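In my numbering, the protein residues as written are 529 to 980.
Keep in mind that a hint or two might mislead.
Quick list of in silico lysine-lysine cross-link-like pairs, DSS-like style, CA-CA up to 27 Å [stated by the list, open to error]: (1) Lys573 - Lys633; (2) Lys772 - Lys715; (3) Lys573 - Lys904; (4) Lys655 - Lys796; (5) Lys815 - Lys912; (6) Lys781 - Lys715; (7) Lys555 - Lys662; (8) Lys698 - Lys604; (9) Lys772 - Lys669.
Per label pair, the in silico range of CB-to-CB distance [claimed, not checked]: (10) Ala967 - Arg860: 40 to 50 Å; (11) Asp824 - Ser593: 32 to 42 Å; (12) Phe644 - Asn776: 26 to 36 Å; (13) Asn758 - Ala647: 22 to 32 Å; (14) Asp542 - Phe770: 40 to 50 Å; (15) Phe644 - Phe602: 31 to 41 Å; (16) Asp542 - Lys662: 56 to 66 Å; (17) Ile598 - Ala880: 48 to 58 Å; (18) Tyr718 - Asn871: 45 to 55 Å; (19) Arg660 - Pro811: 28 to 38 Å; (20) Ala589 - Gly920: 51 to 61 Å; (21) Trp619 - Asp824: 26 to 36 Å; (22) Ala839 - Ile598: 47 to 57 Å.
Hints listed in this document are in silico derivations from the structure and should not be mistaken for laboratory results. The model shown is predicted, which means the values in this text are computed figures rather than measured ones. All C-beta atoms, glycine included, are put in the ideal place defined by N, C-alpha and C.
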Amino acid sequence: RKVGKLNIRLGEEDLSNTLNFEFILKKVERKADNFHLRDATPNVKVDLKRNIFEANLKYDADFASFHNQIGAGFEKDKHDGKRYMKQGNNWVFNGYRFADVRNDKFMLFDTLAYKFNEANEASLALKYEEQRSKLNGIDTKFFVPNPIAPNTTRKLVRQIYGEDVSDKIKKDAFSASLKYKFTPNDKDSYFAKLESLSRLPSNMERFNALYGADDKGWIANPNLEPERHNRAVLGFKFGSEFYKEYLNSLQNKDAFSFGGHFIADSVKNLIIFDRRHSKAAMPLINKNAVISRNVDATLYSVNFNTEYSFARHFGLKSSLYYNYGQNKTDGRPLYQIRPFEANFAFDYKDYASFGSYNLGTALRLVSKQTRGDFSKQNGLGIDKKEAAKGFGLLDLYGGVEFKNKVGIRFGVANLFDKDYAEFISGDHVAALDPVVVHAPGRTFFISFHSSF
């Protein structure tokens, strides 16, 4: 992976009359196979190459009680991925992961903010995106073991979705967000947002196309519609008279703060992965392959957190999270929705001639997730019941800092050596049927840090 980035800013530092240019180059190459870390037959490898160029321009200006930011952007994306299978001493091209995809995306945006006074502010943000895609390899033939099986990306898409796909596709997305913020003082803030946000599908969601036996195939839908989130967001933060930050209150007085957010989201054309669920006895190729589709859905997210500093040296804090997701089109839960979680911490901090030291303990409680997509027979099957179990963890930790320059941190995580796994799977490997990986048991740690 190679990344280059150039930022140029001309004008005022406070963004009252400022022009910004940004240029980004990304070059990513990845080689994956099934034989370097294990024995597999047949040997298969995938070569992936992606080059992205981004250019963005934005201009900020103040006038009267208004602040406006207007801008434009362009992105050129070249994405190619080929799969090869070893036959004898030769490697045979047997499928496109990305059929030489070319994307050109154009973007225009504007955000206008108005300050009624020091405490009240409103803003309106608008964004338009247009993406033009070309599949140069859509009709390129590759080897298939069955002579009657689809041997081009176009034929694969037609087999799965029953519709043709053009080698040139254009999609656009328009988003709007209206926000009101009330900040009566430097400790308290409250905001409300009404938004209609549209998202263009990614290359993985639209163009990934590899055949496979039974449930091993993955054929995305190039004709997906952009998803639209119509949502309301409420958020707040409140601090008591002497609150400054956790374990550091004004005049060493007892102080507290609490805050949180609530999101209600009605989604049109949410993009999800699913499975084909073919009832036909034959052929086995792509019988239960991964597909992508649009559904309507409802999402809720709630967070509440508190901090309390008392008796000069002690602190308590907590955070609660709840998330809900429902696929309304199919009448089933959405996959990979985080279970209810509660976190608590109790801390002690004091100062000495050499600097400061602290001790603390943290408790994490995660409930069992009963709502999920657990079966490949009627869903995607990415959620695993073994990882859906509830658990509780206790950590102990401490630290010493010398003159705010050098510090040592130490402790033990998962003190009682609990056996557990996280419900949310890592998405960095794009595994839609992940193996459950259990988290580390009791772990002792120590680290050293310094600042200059």
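Exercise for the section: List in ascending order the numbers of the hints, as given earlier, that are violated by the structure. Expected result: Hints 1, 9, 10, 14, 16, 18 and 21 are the ones this structure does not satisfy, whereas the remaining hints hold.
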